[in-house]
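Student: Kindly produce the complete structure, drawing on both the sequences and the hints.
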Amino acid sequence: MSELAFFNGEFLPLSEVKISPLDRGFLFADGVYEVVPVYNKQPFFFVEHLNRLFSSLKKIDLDLGIEKEEIKKCIEILIKKSVHKHQIVYVQITRGVAPRNHAFPKSPKPTVFIMSTELVRPSEKILLEGVSAITTEDNRWKLRDIKSISLLPNVLAREKAVAMDCYESILVAGENITEGAASTIWIVRQGRVCCPEPCNNLLEGIRIKIIEELCSSLKIVFERKDFNVSELMTADEIMLTSATKEIIPITSVNGIQIGGKKRKGKPGQIFKKLRKAYTNLMLLD
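Following numbering that gives the first Met the number 0, the residues of the sequence shown are numbered contiguously, the last one being 284.
In short, the hints are calculated from the structure, not lab data. Note that the Cβ used here is the ideal one computed from N, Cα and C, for glycine as well. Certain hints may be false.
What the hints assert, rightly or not - Mimicking BS3-like on lysine-lysine, the simulated pairs with C-alpha atoms at most 25 Å apart in a straight line are:
no.	residue 1	residue 2
1	Lys58	Lys80
2	Lys108	Lys124
3	Lys124	Lys57
4	Lys124	Lys244
5	Lys67	Lys108
6	Lys105	Lys58
7	Lys80	Lys67
8	Lys17	Lys72
9	Lys218	Lys141
10	Lys124	Lys105
11	Lys244	Lys271
12	Lys57	Lys72
13	Lys124	Lys141
14	Lys271	Lys218
15	Lys108	Lys57
16	Lys80	Lys141
17	Lys124	Lys224
18	Lys271	Lys261
19	Lys40	Lys218
Said to hold, decoys possible - Computed beta-carbon distance windows for the label pairs:
no.	residue 1	residue 2	range
20	Glu117	Gly173	37 to 43 Å
21	Cys198	Glu2	31 to 37 Å
22	Asp164	Leu63	38 to 44 Å
23	Ala28	Lys260	43 to 49 Å
24	Ser149	Lys260	38 to 44 Å
Tutor: Structure below.
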């Protein structure tokens, strides 16, 4: 069965969606997106993902013209119609079709595209052994708190990692770590879990609040604190989080094992505790 989509008011097979070459998302990357993970047909932290979507729309002055509840209902119908138990719901909203002009069209008609595809969860091998990463320069625009569809720098960074047989690129601005090409980056030092401070230089991942709450329940110290490459490389543990990758341990960076000789590049105890607690939140069968 074809993957399903919602496109400008209509539910249809993904293969039948046709987008105009004059869509401003195609011409200018003038739009935003959101990704909602779904487990057992239940969207995970749905409200938070919708709130971030509408926050991104506001930041680019894009008036959708319909209420948040209507988008929510469309997503719920799409989830129900899909054959998959675990899903990735991808939402993309652009400023719509208009003659090519850098300035906003006077009466925009936003393009609303939502698709549901199967969610392939992290493998047992990844969870038991961790993944490798590289560091690379963060050359994205400065408004990274907007979940923009303009992802070319992220694409190039991820491809650089793949070319080196690595899972993720960890982006570096100046001396500090910002985030991954498609993830939030975490370090553990002396039992304290840390991710960078909130700012325009990074996207505020939905999992940040989740990890903070899990740390509180597990009595693990949680910090929002910037850290540099040296602190990354000497961390006791490194983790990444994202909507589709959940929480994954990074066990080597730039070919160097993380955690010293004692751990031999294996996932750490803080990761294991957080992973177990995170899995319990998902209410999997």
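Student: Next, verify each hint and record whether it holds.
Tutor: Hint-by-hint comparison with the structure:
1. Lys58 <-> Lys80: Given that 25 Å is the threshold and the Cα spacing comes to 32 Å, the pair is violated.
2. Lys108 <-> Lys124: Violated, because 46 Å separates the two Cα atoms, which is more than 25 Å.
3. Lys124 <-> Lys57: violated (41 Å)
4. Lys124 <-> Lys244: holds (13 Å)
5. Lys67 <-> Lys108: holds (16 Å)
6. Lys105 <-> Lys58: Within the cut-off at roughly 18 Å; holds.
7. Lys80 <-> Lys67: holds (20 Å)
8. Lys17 <-> Lys72: holds (22 Å)
9. Lys218 <-> Lys141: Roughly 35 Å separates the two Cα atoms, so the pair is violated.
10. Lys124 <-> Lys105: violated (52 Å)
11. Lys244 <-> Lys271: The hint holds at about 15 Å.
12. Lys57 <-> Lys72: With Cα atoms ~20 Å apart, Lys57 and Lys72 stay inside 25 Å; holds.
13. Lys124 <-> Lys141: violated (36 Å)
14. Lys271 <-> Lys218: holds (14 Å)
15. Lys108 <-> Lys57: holds (16 Å)
16. Lys80 <-> Lys141: It is violated: about 39 Å lies between the C-alpha atoms, which goes past 25 Å.
17. Lys124 <-> Lys224: violated (30 Å)
18. Lys271 <-> Lys261: The hint holds at about 17 Å.
19. Lys40 <-> Lys218: Roughly 31 Å separates the two Cα atoms, so the pair is violated.
20. Glu117 <-> Gly173: 37 to 43 Å: Hint holds: Cβ distance 39 Å, inside 37 to 43 Å.
21. Cys198 <-> Glu2: 31 to 37 Å: Roughly 36 Å apart at Cβ, these two residues keep to the hinted range, so it holds.
22. Asp164 <-> Leu63: 38 to 44 Å: Because 41 Å falls inside the window, the suggested range holds.
23. Ala28 <-> Lys260: 43 to 49 Å: holds (45 Å)
24. Ser149 <-> Lys260: 38 to 44 Å: Holds, at about 42 Å.
Checked against the numbered hints above, the structure violates hints 1, 2, 3, 9, 10, 13, 16, 17, 19; every other hint is satisfied.
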